[in-house]
Structures are given as structure tokens and as C-alpha cells.
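2 protein chains.
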Amino acid sequence: MLEDKVVKVLDTSYYPGNIMIVLGLTATNGVDKEIAEALKASHVVVEHKVFPDGESYIRIPVSVDNEHVVIVQSTYKPQDKHLVELLLAIEAVKDLGAKTITVVTPYLAYARQDKRFRTGEAISIKTILRSIRCAGADTLIVVEIHKEHVLTYFTGTAINVSAMDALAEYFKDKVENPLVLAPDTGALPRAKRFAEIIGGDYDYLEKTRDRITGEVKVRPKTISVKGRVVVIVDDIISTGKTMALAAKQALENGAREVYAACAHALFVDDAYERLKKAGIREVVATNTVPVPKGVVSVSVAPYIAKTISELYG
Amino acid sequence: MLEDKVVKVLDTSYYPGNIMIVLGLTATNGVDKEIAEALKASHVVVEHKVFPDGESYIRIPVSVDNEHVVIVQSTYKPQDKHLVELLLAIEAVKDLGAKTITVVTPYLAYARQDKRFRTGEAISIKTILRSIRCAGADTLIVVEIHKEHVLTYFTGTAINVSAMDALAEYFKDKVENPLVLAPDTGALPRAKRFAEIIGGDYDYLEKTRDRITGEVKVRPKTISVKGRVVVIVDDIISTGKTMALAAKQALENGAREVYAACAHALFVDDAYERLKKAGIREVVATNTVPVPKGVVSVSVAPYIAKTISELYG
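Chain order of the listed sequences is A and B.
If you're matching positions, the first sequence starts at 58 in our numbering and goes up one per residue.
If you're matching positions, the second sequence starts at 58 in our numbering and goes up one per residue.
Keep in mind that the hints were calculated from the coordinates and are not lab data.
Check before you lean on any hint, since a few could be wrong.
One copy or two, it doesn't matter: identical chains are merged, so the pair holds either way.
Said to hold, decoys possible - DSSO-like, lysine-lysine: derived pairs with alpha carbons at most 30 Å apart:
#1 K90 / K278
#2 K156 / K350
#3 K229 / K106
#4 K172 / K350
#5 K172 / K106
#6 K363 / K278
#7 K298 / K151
#8 K249 / K305
#9 K333 / K156
#10 K151 / K204
#11 K333 / K97
#12 K151 / K305
#13 K106 / K134
#14 K172 / K134
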């Protein structure tokens, strides 16, 4: 499938083999440097400031004329500033003569507003993806996007890198034969991928409300948690409420240990405390966004680098 | 010239005469309501919230199918959030079937980064204008943009409404035969327009540095300020430093009174205090951005409404 996507923007004359610039913008969390090292590419950090009135200033401090440029910018909070800075940089790199522009947004904001849940709503992710394309990106690489199908709004080549590989690798030496749980049926493919790497079984959580007591129960659809090491996996942890409820009930129902793993640890307010209080032994996330203290961070950079090298290989 | 621009997007079948929706977004400073009233159009306020993680949510609460929609959004601080919200709204309105989309950004951020002052710089205003177009705007109306020529980056119809008219009208009953000064030669057309409306003469300020003492002098190029009522006009007051220095020296050189007038009162930090301390009698700005306490605000809405009615007339 990757092959199919690649032919859309690449032809054989594109990649000279060893010239590539990895340009880190204002919100990379170190991923840019790791990608550059893995690819043996030049690592360049954008020149940046914010004017007294609040406008951002972006300058590309090296010549990118006729170069393959990989722009790395995550879009965590303040999302809109990081997005606008990304657009400014893409257009500048294009204007300055880059041969190809590959944009890497480890965390892409606005991905959850992927349809009109109510009439009249903006499909925000569509606008964001179209703006990135319009500014001049040929290829877009994201990590563990909420719904992969939204990438069709980006009319160039768009690739979703799974974060489950990096997370599962971390857990390999830590847990044996775990039960991997997705918070809902839509997220089941994540649990499946994770379970296949680590060697365990997987299921999704089903929420039911007791008709008499009104109590909400969150349980795996078919597999019992009794005596099991449980890893609950998700793309995003925001408030952590769903994750905390699932963990608490898994422990009540006899799970031996519960771990939480996610790609993007947005962690609004006291999300981490909520998870710890629910009895979760360890919270693991990737480095697509800076993680709060206490959360273990694993890097997705090698997987992004591999994707880039396959694109240009 | 307006005529030339209009034919690009309008044909005779466009405007049914009385159906138009003016949609106010999240940063209008009341201009949306005034425009709607002047045009006898429906005034609609966007539904809006910010999620706990910081992402904006935009919903158009009325049907815009087959309608002429005027979207009003100024882009003062936080500029990037207001810009992203504008893009989300444009795309939604377009998706929802609007017949035409006219975007009014009374203050358009990033307009001063209009060229590469140094190699490698982003031409920020180009990216902003292209993004607005790409999202789906047919027509763009701005007020007193820093350099009008940048509007060519917007490939639809783009119109710059002068703020000098509203400002000069305010001063008409206040001052007689003033000397209208632009802070530099590039801004001279603003002073000229202002002076022609109010009936006075105009000049621009020249900065010279004394070779021996190093003292910086700011004086009109040819006309003496002695005994004159002086109005210094500019597009933006940000720190107010240039304006304060010019006012102070005008008063030292015998000006009777000094007024400051601008389109966009960004007023970083203690800009207003700086101007008052320099002896400026009154600071007047338009309502393209909310003005700080003490600054007189005059409305540009009637001039924007007039431009829209000419477009659709």
C-alpha cells in the first residue's frame, strides 16, 4: 500500500541518495534531531522568534534550493500557533526552491473533529490538512492519527505511522502474555497490532449501564481480565477519564496489573493523577508531544525515519 | 479600479438583492453587527468553544446553502487562534453550500512581514493570504493594510478599505487646517488622503542623526510645525515609540497641539502611556481591534459595508 502512495509524488530522478535536510521547527520535542541522526541527514533548526505583538517570525537559516527537505513540527498546545508556524515554514521552504517537502507532524491537532457530528460543524481536520497541502507540502507523515481515513483530505501522499510498534516494543521485556484492550470497538485495530507484536490476546471495552442502579460498567467484550496483566492502549489520553474508569474496574474484576499506553499524552489538567489514583501501574506514551512528569516516554522517531527512508529509497 | 476587480468574481446573476448573511466569528469587536445593520442583512454569530486541550470548535448555526455569506473575523491577538478559526469557518461555509464567500478581516495579522528582509525569511502575509483563499474565500476585504501590493498574493478579489476616511471624519469638527504627518515617506499616501478629506497640508517625517552629538531628530521633510495643529497618522501603533518621539519633537519645535491617529491600535505594553507622556492630546484609532482605555475609537464598519454593497450592487 505504501508503494501505491509513493508513486503519486516520486519519480526515479528525485532522490540523489544522500542529500536531505531535516528542518526542526518550534514544537518538535526532539523528534527532528533523532530523525536526522537515523537518516544521516543534515539537521537544521529553524530561526524563530515571537514579536512583541504576538506574531511569529520564521526564517530558514540554510539554503534549501534543490534539496529534499523534511520539516518536523508537532502541533501540540498552543496548537494554532504551531500550525501557523508550520504553514509559514512550508511556504518559505517551497519558495526557496526545495525539490521536495515532506512534512512530519508527530501529533496532528484537530484530528478528532473529523466529521459533522452536528449539522453546521466545521470538519476541522479537513481544513488543517488542506492548508498544509496548499502551503506546499508534497508528503505528510503523521503518527497514530485518530481516524486514518481523514488523510484523504490531504491530496498529496499521506502516511500514518503506527505508534503501537514503539509502545509494544517497550512492553516486550516488561509483561508476558498480556491482555491488550482498546477503549472501544473503533480502536480495536490498535490493540490488535500491539498484541501481535508483543504476543498476547486483545479485546475492546464495552460500556454498559445497569438498568436498575444506573452504574456504568466497563468490561472487555469477551475476554475475562481475571488474573491477567492488562494493557489498555489508545491514540490519545486527554482527561484520562475513560482510561481511569476502565483500569479501576479491571482491577476490581481481578486483573493482576493494569498499564496504560498511548501515542499522544495530551494530559489535560490532572489526568496523570487520575490514572495513578485508578491504580494504573505505569503510563507509557510516545514523544509526539512532551509528556508530563511520571509518564514514561518512548520514541517514535525510528519509525518515522524508516518511513521516510522507504519513501526515498 | 474597483470595477476591474469586481468582474473577476461577480456576474449579473449573483446577488438576488436582499439575501445576505453576515457571520461574525470570534474576534469581531462589534464590526460584524454594524456591517449587518448597514447592509440590512441577517446577522449571525458563529457557535464557538475551546476544548479543554486548547482546540477551537466552530459551528455555523444557520443554513448558508445557496446564500451570499460575509464572514467577519479580525485577527488580533491571539492572532494564530483567530486565523485558524477563520480558516475553519470559511471551509465550513463553503462545504455547506454558500454561493459566495466574502471574508472581512478588519485587522489582518502578519501584514508587515511582506518580503524577505533577510535571506530565508518566510513572507508570512503570503502564506496567510493563500491559506484564506485556499480555504474557500472568493473575496477578501481588509482595512488599511500595511502595504497594499501584498493583496496580489490573494488570487481572488481583494480590496483594501482605507481607514483614513473614518479617522479624518472624526477630526473634521475638532481641528482646523492641520498639518498631517506620515511617519515615513512610504506612508505619505495615508497622510495625503487624510489631509484631502479634512482640508490641510501634509508631509512626512524624516529621521536624522546629528553627526557630533548622536541626537536623533524627527522632523517634517519640508513644512514647519511651528504654531500648527499636527495630526500624525499611521496604519499601526504597536510600541508607539516612533509616534511618541515625533510628537515630543513637534511640540518642542513649536507645534500648538499634536494628535495621533491610526487604523490598528495594537498597543504593546505601555504604548498608550508613552504617547500621553510625549504630550499627545488625543489618540484616535478605528475599531478593527479593541482599543485600550483612553484611546478614542471610530468605526470603519460603514466603509466596509459600502464596499460590500458596491461589490454586490
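How the hints compare with the structure:
1. K90 / K278: neither (42 Å within a copy, 53 Å between copies)
2. K156 / K350: neither (40 Å within a copy, 51 Å between copies)
3. K229 / K106: neither (42 Å within a copy, 41 Å between copies)
4. K172 / K350: neither (34 Å within a copy, 42 Å between copies)
5. K172 / K106: The answer is between: 17 Å across copies meets 30 Å, while 35 Å in one copy does not.
6. K363 / K278: neither (35 Å within a copy, 63 Å between copies)
7. K298 / K151: For K298 and K151, neither the intra-copy (43 Å) nor the inter-copy (36 Å) Cα distance is at most 30 Å.
8. K249 / K305: So K249 and K305 pass the 30 Å test inside one copy only (22 Å; across, 72 Å).
9. K333 / K156: Intra 48 Å, inter 53 Å, cutoff 30 Å: neither.
10. K151 / K204: both (29 Å within a copy, 23 Å between copies)
11. K333 / K97: Answer is neither; intra-copy 40 Å and inter-copy 58 Å both fail.
12. K151 / K305: neither (50 Å within a copy, 45 Å between copies)
13. K106 / K134: both (17 Å within a copy, 16 Å between copies)
14. K172 / K134: both (22 Å within a copy, 28 Å between copies)
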